[in-house]
Amino acid sequence: RPEPAAHAGRVLAKPPVRKLARDLGVDLGSVVPTGPGEIVTREDVLEFASRAEGRSLATY
Amino acid sequence: MADTNGTEFDIVVLGGGSGGYATALRAAQLGLSVALIESGKVGGTCLHNGCIPTKALLHAAEVADTAREGAQFGVHTQLNGIDMAGVNAYKEGVISRLYKGLQGLVKSRKVTLIEGHGRLVAQDTIEVDGQQVKGKNIVLATGSYARSLPGLEIGGRVVTSDQALHLDYVPKSVVVLGGGVIGVEFASVWKSFGADVTVVEGLPHLVPAEDEALSKALERAFRKRGIAFSVGDRFAGVTQDDNGVHVTLESGKSFDAELLLVAVGRGPRTADLGYEQQGITLDRGFVIVDEKLHTGVGNIYAAGDIVPGLQLAHRGFAQGIFVAEQIAGLNPAPIVESGIPRVTYCEPEVASVGVTEAKAKELYGADSVETLEYNLGGNGKSQILATTGFVKLVRQKDGPVVGVHMIGSRVGELIGEGQLIVNWEAYPEDVAALVHAHPTQNEALGEAHLALAGKPLHAHN
Amino acid sequence: MADTNGTEFDIVVLGGGSGGYATALRAAQLGLSVALIESGKVGGTCLHNGCIPTKALLHAAEVADTAREGAQFGVHTQLNGIDMAGVNAYKEGVISRLYKGLQGLVKSRKVTLIEGHGRLVAQDTIEVDGQQVKGKNIVLATGSYARSLPGLEIGGRVVTSDQALHLDYVPKSVVVLGGGVIGVEFASVWKSFGADVTVVEGLPHLVPAEDEALSKALERAFRKRGIAFSVGDRFAGVTQDDNGVHVTLESGKSFDAELLLVAVGRGPRTADLGYEQQGITLDRGFVIVDEKLHTGVGNIYAAGDIVPGLQLAHRGFAQGIFVAEQIAGLNPAPIVESGIPRVTYCEPEVASVGVTEAKAKELYGADSVETLEYNLGGNGKSQILATTGFVKLVRQKDGPVVGVHMIGSRVGELIGEGQLIVNWEAYPEDVAALVHAHPTQNEALGEAHLALAGKPLHAHN
Ligand SMILES: Cc1cc2nc3c(=O)[nH]c(=O)nc-3n(C[C@H](O)[C@H](O)[C@H](O)COP(=O)(O)OP(=O)(O)OC[C@H]3O[C@@H](n4cnc5c(N)ncnc54)[C@H](O)[C@@H]3O)c2cc1C
Ligand SMILES: Cc1cc2nc3c(=O)[nH]c(=O)nc-3n(C[C@H](O)[C@H](O)[C@H](O)COP(=O)(O)OP(=O)(O)OC[C@H]3O[C@@H](n4cnc5c(N)ncnc54)[C@H](O)[C@@H]3O)c2cc1C
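Chains as they are written, first to last, in the working numbering: chain V, 1 to 60; chain Z, 1001 to 1461; chain L, 2001 to 2461.
These aren't lab readings, by the way, just hints derived from the structure by calculation.
Misleading hints may appear alongside valid ones.
Said to hold, decoys possible - The calculated DMTMM-like cross-link candidates involving lysine to aspartate or glutamate, where the alpha carbons are at most 25 Å apart (straight line), are: (1) L:Lys2041 <-> V:Asp44; (2) L:Lys2361 <-> V:Glu43; (3) Z:Lys1359 <-> V:Asp23; (4) L:Lys2292 <-> Z:Glu1429; (5) Z:Lys1455 <-> L:Glu2291; (6) Z:Lys1292 <-> Z:Asp1241; (7) L:Lys2107 <-> Z:Glu1373; (8) Z:Lys1292 <-> L:Glu2429; (9) Z:Lys1397 <-> V:Asp27; (10) Z:Lys1292 <-> V:Asp23; (11) L:Lys2292 <-> V:Glu38; (12) Z:Lys1455 <-> L:Glu2325; (13) L:Lys2397 <-> V:Asp44; (14) Z:Lys1041 <-> Z:Asp1010; (15) Z:Lys1110 <-> L:Glu2373; (16) Z:Lys1361 <-> V:Asp27; (17) L:Lys2361 <-> L:Asp2398; (18) L:Lys2216 <-> L:Glu2250; (19) Z:Lys1292 <-> V:Asp44; (20) L:Lys2397 <-> V:Glu47; (21) Z:Lys1216 <-> Z:Glu1250; (22) L:Lys2134 <-> L:Glu2325; (23) Z:Lys1455 <-> L:Asp2010; (24) Z:Lys1107 <-> L:Glu2373; (25) Z:Lys1107 <-> Z:Glu1092; (26) L:Lys2172 <-> L:Asp2065; (27) Z:Lys1100 <-> L:Glu2373; (28) L:Lys2397 <-> Z:Glu1325; (29) L:Lys2100 <-> Z:Glu1373; (30) Z:Lys1455 <-> L:Glu2337; (31) Z:Lys1455 <-> V:Glu47; (32) L:Lys2110 <-> Z:Glu1325; (33) L:Lys2397 <-> V:Glu43; (34) L:Lys2292 <-> L:Asp2010; (35) Z:Lys1172 <-> Z:Asp1162; (36) Z:Lys1397 <-> L:Glu2325; (37) Z:Lys1397 <-> V:Glu38; (38) Z:Lys1359 <-> Z:Glu1373; (39) Z:Lys1397 <-> V:Asp23.
My request is simple: use the sequences and hints to build the entire structure.
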């Protein structure tokens, strides 16, 4: 399965997606990219954020 | 006045300037009931005594310069003089159209506008002319006033921007005390209108908050325009008589002029409004708030110039929107102060967003910062406009662009693009991949990013 | 001429215009050996007969308008006339400075410049004045020429942009055939210079490639400026004599004027250059290429106006850079044609990037497209400039902004921001989160995105 792109140096994401990730507290490097050329898409970030939220709720 | 006895609003906003009316408009949009208390005119400083009237003067100044310099473009133009009554009528016309529009907005969004002077008398209550206006939340947005220096009294030939905006003549000569945004803007206007202008700044540079490269370039440009200035020498005193003012600096240097404009910054309008009595923390008059603009007291928030930081209208808008959304439970992302664009509308214009080179080195370490200057000499449209200047980029090495700094005629409009780049954490490569329209000035931003990405097109390696 | 016998270059570029010189500069930067063959002057149409000289004329026109209309700003200005010799000197001055800069760049990057007329004589060879220049790769970038219509002969009082740019007088009256970019730009210049202008366009609208909202707004603006136009009625014929031209349309309508400018588009300069003989496919003269700008023959690529699509200098730059990187093996991302910004520099300016509303509906379905218009009436800076117009956004419902369309004085500079939004597939919310500098024109872009995100600030819901 695809790996998070973090180790590849710069994580590829369109700039607004970069900002969205920051606003949602998502570390882009931990997101598995599904876009063309290993680019992290908006959907990837949103999906990651919703999973992260689910996890943190579950630990309460 | 609207009769509000017995009503409790979701939000009561004190002050109808940029910060206050933005809060009110956004809150109303989100379905909250809002009272907006204003003792003067909705729109506040920015619309009536700040941004808008100064930019109207600056445009009239541009018109005058254009007519003065038409020959270099082959156009026989002539400047016969400045009709200050006409300039003021134009300026008032712009204000009144925008004011009408704003009043219409406030009304159509069903904001309850309460006219009068308000004071905070309880954590949930503002008193206006004896009437108690209660809110589940209170937003303080009482704005700012033109400050002076200890012992420097405003009056007669010693004026602030408030009086300067209503002059019905062009002074023959002016000393401008303060080389910040407001000071250099007035200096620019008056020079274009034909006055002899001297700017006096105590710090080592004009526009001292900007990246030093911009300050130096503005100084060069002012020198070329014949705007005199003195930096790094503090104001000592002024005397005035029927003939004019006599200004002395600490070094003993002195200047005579018809007028002294005091433009040494703006102080928060927070005295005698009951803020401290309710437990709100003030620091040199500014309201201290947390990241969410909450004062730490009850449900009281603050927005605009009374909050320490950049005193800009659009920061007020942003904070107002933020507070409204925060109260409505939308959990908005906090505003990053350095991401707010800054424009100084003198000629040439100065514009920036993000951090300066010096600040970046402080944040990331001197070895982790890379900068690039792209000269407008290589930019076709700037050549056509006969302007000089440059774009300076600051990036984190192998990281995003963290600062965009520009100087040149009309570059203020390029900051829209600059702010997306900085706030969206774009890499030079992201911008370099997009070809800019030829021949525009924004192409200079494109070229600068191409160069920073290691692939300059119209620039030497 | 440089003696290149025996050398084989990594790339030989035929034509030193925007497309060709960008290829050469980028390739040299990437360490490839490059020959650039040019029969005229490096810089091509754009620098010598296109973008730059027209924009210089348009700036002189703006200066004239400013001097004509100073009174409304309270500035006593006067326009005493246009000195075409002076205008031309200014224009030539701008060109020659930029030309010198470009020559310096070509030299410093060690591009071998070969002066002369070249022909493709083998898949890897261009012949110039009997000399064979061989390249591992060939890039064709021979550009375009001003087209005419069948039976419409250029000469005397019937001119194209080539002659129009060198007129040493302001015509009393002009008929402009063609309401596209070049036509409306010249119409705008001449009107500002005092001529009576009539634009004749066979399609139903001026600037017919733009979103219909922009076309209609430009027509209103031209009407207000007193620029006459006729649309939806095709050219039938013209006669000329010592007094002027007599132009007739298919409907029988006719116009008399001192001059007829033919601005009906530009044809590819590909005839008699040996292209077909080497197996290259031409379609109506244009060179057919794949997504990677490869012709399908040997290692022959094409860039610029000879490739079907937008005929813009910066598209030429982008294609040139692309081809160089492709040849160097960098595997660059293909250029998205609709993401290239487009600016028409007439007064008011027209600017757009991305797709029109009509095109978006075609692509995504009529129900999946949302649009928004933000009127510059609510924009302080536009009020100060006394301009009208609007920003129109097109988005995919619940998706990104796919088109930004603008009209108004100086809006061409806002397209830099527009192109980031469209090409980076920003959502309205992404832009709405960033407060724009007040009072700027780019603030109108911010307000439009706020409104499209459902949270208008200075606009009614
Ligand atoms: C000359 C000048 C030029 C400027 N140019 C620019 C520019 O180009 N761009 C830019 O971004 N910024 C500019 N500014 C700054 C800008 O005007 C301020 O940042 C902005 O107005 C701050 O908004 P605010 O809502 O905090 O305060 P204000 O606009 O000052 O509004 C406060 C309002 O509260 C009302 N008020 C105060 N106390 C009470 C009370 N007790 N009861 C009832 N009502 C009360 C006041 O009447 C006022 O209307 C300029 C300022 C000046 C002076
Ligand atoms: C009036 C006018 C205004 C314009 N305004 C704008 C504008 O504002 N913005 C914009 O983006 N675009 C504008 N354009 C379009 C722009 O000029 C072209 O898109 C651009 O020049 C195309 O670049 P190119 O390299 O394909 O061709 P060209 O610039 O035409 O260059 C081709 C070069 O090849 C040379 N050449 C041709 N054949 C040979 C041969 N056989 N041997 C040797 N050399 C040869 C020619 O001498 C020429 O220098 C304008 C065009 C015109 C006419």
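When the hints from earlier in the document are held up against this structure, which numbers fail? Those not satisfied are hints 1, 6, 19, 31, 32.
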